[in-house]
Amino acid sequence: MRPILLQGHERAITQIKYNRDGDLLFTVAKDPVVNVWYSVNGERLGTYNGHTGAVWCVDVDWDNRHVLSGSADNSCRLFDCETGKQLALLETNSAVRTCGFDFGGNIIMFSTDKQMGYQCFVSFIDLRDPTQIEDNEPYMKIPCNESKITSAVWGPLGENVITGHENGELNLYSAKSGEIVNTMKEHSKQINDIQSSRDMTMFITASKDCTAKIFDTTSLEHQKTFRTERPVNSAALSPIYDHVVLGGGQEAMDVTTTSTRIGKFEARFFHVAVEEEFGRVKGHFGPINSLAFHPDGKSYSSGGEDGYVRIHYFDQQYFDFEPEF
Amino acid sequence: MPTGDYDSKPSWADQVEEETDDVEPLPPPPIPIPIPVPKVDHSNIVLDTPREVINGNIKTITEYKLDEDDKKIKIIRTFKIENRKASKVVARRKNWKKFGNSEYDQPGPNVATTTVSDDVLMTFITSKEDLNCQEEEDPMNKLKGQKIVSCRICKGDHWTTRCPYKDTLGPMQKELADQLGLSTADKERPPGTEPETAQAPVSKTGKYVPPSLRDGGRRQGESMQPNRRADDNATIRVTNLSEDTRETDLQELFRPFGSISRIYLAKDKTTGQSKGFAFISFHRREDAARAIAGVSGFGYDHLILNVEWAKPSTN
Numbered sequence: 001m002r003p004i005l006l007q008g009h010e011r012a013i014t015q016i017k018y019n020r021d022g023d024l025l026f027t028v029a030k031d032p033v034v035n036v037w038y039s040v041n042g043e044r045l046g047t048y049n050g051h052t053g054a055v056w057c058v059d060v061d062w063d064n065r066h067v068l069s070g071s072a073d074n075s076c077r078l079f080d081c082e083t084g085k086q087l088a089l090l091e092t093n094s095a096v097r098t099c100g101f102d103f104g105g106n107i108i109m110f111s112t113d114k115q116m117g118y119q120c121f122v123s124f125i126d127l128r129d130p131t132q133i134e135d136n137e138p139y140m141k142i143p144c145n146e147s148k149i150t151s152a153v154w155g156p157l158g159e160n161v162i163t164g165h166e167n168g169e170l171n172l173y174s175a176k177s178g179e180i181v182n183t184m185k186e187h188s189k190q191i192n193d194i195q196s197s198r199d200m201t202m203f204i205t206a207s208k209d210c211t212a213k214i215f216d217t218t219s220l221e222h223q224k225t226f227r228t229e230r231p232v233n234s235a236a237l238s239p240i241y242d243h244v245v246l247g248g249g250q251e252a253m254d255v256t257t258t259s260t261r262i263g264k265f266e267a268r269f270f271h272v273a274v275e276e277e278f279g280r281v282k283g284h285f286g287p288i289n290s291l292a293f294h295p296d297g298k299s300y301s302s303g304g305e306d307g308y309v310r311i312h313y314f315d316q317q318y319f320d321f322e323p324e325f
Numbered sequence: 001m002p003t004g005d006y007d008s009k010p011s012w013a014d015q016v017e018e019e020t021d022d023v024e025p026l027p028p029p030p031i032p033i034p035i036p037v038p039k040v041d042h043s044n045i046v047l048d049t050p051r052e053v054i055n056g057n058i059k060t061i062t063e064y065k066l067d068e069d070d071k072k073i074k075i076i077r078t079f080k081i082e083n084r085k086a087s088k089v090v091a092r093r094k095n096w097k098k099f100g101n102s103e104y105d106q107p108g109p110n111v112a113t114t115t116v117s118d119d120v121l122m123t124f125i126t127s128k129e130d131l132n133c134q135e136e137e138d139p140m141n142k143l144k145g146q147k148i149v150s151c152r153i154c155k156g157d158h159w160t161t162r163c164p165y166k167d168t169l170g171p172m173q174k175e176l177a178d179q180l181g182l183s184t185a186d187k188e189r190p191p192g193t194e195p196e197t198a199q200a201p202v203s204k205t206g207k208y209v210p211p212s213l214r215d216g217g218r219r220q221g222e223s224m225q226p227n228r229r230a231d232d233n234a235t236i237r238v239t240n241l242s243e244d245t246r247e248t249d250l251q252e253l254f255r256p257f258g259s260i261s262r263i264y265l266a267k268d269k270t271t272g273q274s275k276g277f278a279f280i281s282f283h284r285r286e287d288a289a290r291a292i293a294g295v296s297g298f299g300y301d302h303l304i305l306n307v308e309w310a311k312p313s314t315n
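Residue numbers (the UniProt record's numbering), protein chains in the order written: chain A, 1 to 325; chain B, 1 to 315.
Derived by calculation from the structure, the hints in this document are not laboratory data. Source: prediction; values computed, not measured. Be aware that a few hints might be false.
[What the hints assert, rightly or not] Calculated cross-link-like contacts (lysine-lysine; reagent style DSBU-like; alpha-carbon spacing at most 35 angstroms):
(1) B:267 / A:298
(2) A:17 / B:80
(3) B:94 / A:17
(4) B:94 / A:189
(5) B:267 / A:282
(6) A:282 / B:275
(7) A:17 / B:98
(8) A:30 / B:65
(9) A:298 / B:269
(10) B:97 / A:17
(11) B:74 / A:282
(12) B:59 / A:17
(13) B:267 / A:141
(14) A:17 / A:185
(15) A:17 / B:85
(16) A:85 / B:311
(17) A:30 / A:176
(18) B:98 / A:30
(19) A:17 / A:189
(20) B:80 / A:85
(21) B:267 / B:311
(22) B:88 / B:65
(23) A:17 / B:207
(24) A:30 / B:97
(25) A:85 / B:269
(26) B:269 / A:208
(27) B:207 / A:282
(28) A:298 / B:85
(29) A:298 / B:98
(30) A:282 / B:311
(31) B:267 / A:208
(32) A:30 / A:17
(33) B:80 / B:98
(34) A:30 / B:94
(35) B:98 / A:85
(36) A:298 / B:80
Chain A extracted, bound-state conformation (with noise of 0.2 angstroms):
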């Protein structure tokens, strides 16, 4: 395969994320930029300017009306889709790390680091109601007294949020009362990704602590384990296959210290059932900071430490490999 690749940023990548039908892909990294582009031919559909600060998570709706996207520049912001117009500036006290759309596409959550003396909290914010939005003013706001929260999904029928922590705690917060539902404690270190199915019936973890692991959505029961040897910064599930793939890699402040060799930039794809791995793509010259899968799943991206988003469509070989067992 020849991937396209995409520069439209000038820092690390932080998330990509594809729209619910697959044709955009949003893009975030640590400069002021949200870039969005068509990812059939990787051309650039255009920036959503404003932040004035690293870029830390984007989200779109399900009808591409909406994105949003937080910054360490202590704020989130809201843009319309088509035409790239902030619609809305959302001012917190430190750095929004996640930040996501319910599948309705009216309420927002975002969670804010523990940083210069605040709390980590999560926000929703209803956008039918604008004043909630004028006075800045979120319906809830639940404080995390525990150990931040580096990670968050909404959950199935957007009834609660699951979050992961920095040290490695999962929990389900209910939007509706913002009390914790289910709590679990299966990762040793921090979350860095929380990606679910498709079908939202499971979501995906990856770890600081070179794991990554699927859990039930509901229950936050805990189903497979993918192991490697380096931290794993993202992973994705497959829509079509019982595939997954883990992106990660040394830490990139160890990254100039150590051979490039033995750094483990690829893409490593797992199989589901038995948790072995099955395939690897090379590329990115630093760790892999996110990783999405085409809802289609004919194609992935991935976009790392070293600035590049890669589109992939997968080669004929892919779809006939049929791994040993």
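Since the structure of chain A is provided, determine the placement of chain B on it from the hints.
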């Protein structure tokens, strides 16, 4: 002579460049030239306007620009136009106007932000290869099958202390050995070493006995020096080994010639791969001599091994 035709023929490197970049010679300067200007003025050179030709489903864009040497360069980019069927919403989104930093981009990918990378292949790992990897990772597993550990009592594949016949066979053999004046293990031992030290762990209950309390410990002034020299005498040097050689391979190769006391395989510090030579010390010099005769010139892993006596080290 190369000097003669050097000027007339361009070198091969230039030819390649011409093929790829289509370097065109500078056009004659535009007509109004009042005085020859010493500095090259870019505005004097008229660049052709970019052309876009669509032929079937192939779009060709031809651009002209100047490189650092003020040579005109023609850049031809070829795109394939594909028509794809997509759902209505996706198709509608494809017609959205570009915005933000891409506002003034032409339709189609902008080469400043989108390029096609080099071909990469997915490396498939079959479970078979995976097994091999695991074996390499755990050399102990490999050793297990080779019966490296051999019980001195029953010759089984375990340590002497773990022998199931330790309490029955062991004492019996010991008695026999005492009667005959030599232990069973003595036969395999080279003449230079002391029988007591090796026998000690077997003695009595199989508990660990510190060397100072063993029978051999009473002997004073037994230094390692003479032994070491004896080793040197029975050491051979093997060269022209392949990179993938492991200690265990050498063990397999040389064990038939006699008991080996030490194998040293020179390895690269970072990669752990063999540097291509090794030293093998046998217990007996005769074994070493036979090994030289037997393995020298032996084809091993596509390479012909060279085996000779190791030169005694200088210090």
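The hints, checked one at a time:
no., hint, result
1, B:267 / A:298, "violated, 44 angstroms"
2, A:17 / B:80, "holds, 27 angstroms"
3, B:94 / A:17, "holds, 18 angstroms"
4, B:94 / A:189, "violated, 42 angstroms"
5, B:267 / A:282, "holds, 28 angstroms"
6, A:282 / B:275, "holds, 28 angstroms"
7, A:17 / B:98, "holds, 19 angstroms"
8, A:30 / B:65, "holds, 34 angstroms"
9, A:298 / B:269, "violated, 42 angstroms"
10, B:97 / A:17, "holds, 21 angstroms"
11, B:74 / A:282, "holds, 33 angstroms"
12, B:59 / A:17, "holds, 30 angstroms"
13, B:267 / A:141, "violated, 60 angstroms"
14, A:17 / A:185, "holds, 26 angstroms"
15, A:17 / B:85, "holds, 23 angstroms"
16, A:85 / B:311, "violated, 80 angstroms"
17, A:30 / A:176, "holds, 33 angstroms"
18, B:98 / A:30, "holds, 23 angstroms"
19, A:17 / A:189, "holds, 24 angstroms"
20, B:80 / A:85, "holds, 32 angstroms"
21, B:267 / B:311, "holds, 20 angstroms"
22, B:88 / B:65, "violated, 40 angstroms"
23, A:17 / B:207, "violated, 64 angstroms"
24, A:30 / B:97, "holds, 26 angstroms"
25, A:85 / B:269, "violated, 57 angstroms"
26, B:269 / A:208, "holds, 29 angstroms"
27, B:207 / A:282, "violated, 54 angstroms"
28, A:298 / B:85, "holds, 16 angstroms"
29, A:298 / B:98, "holds, 26 angstroms"
30, A:282 / B:311, "violated, 47 angstroms"
31, B:267 / A:208, "holds, 33 angstroms"
32, A:30 / A:17, "holds, 15 angstroms"
33, B:80 / B:98, "holds, 21 angstroms"
34, A:30 / B:94, "holds, 28 angstroms"
35, B:98 / A:85, "holds, 12 angstroms"
36, A:298 / B:80, "holds, 20 angstroms"
Checked against the numbered hints above, the structure violates hints 1, 4, 9, 13, 16, 22, 23, 25, 27, 30; every other hint is satisfied.
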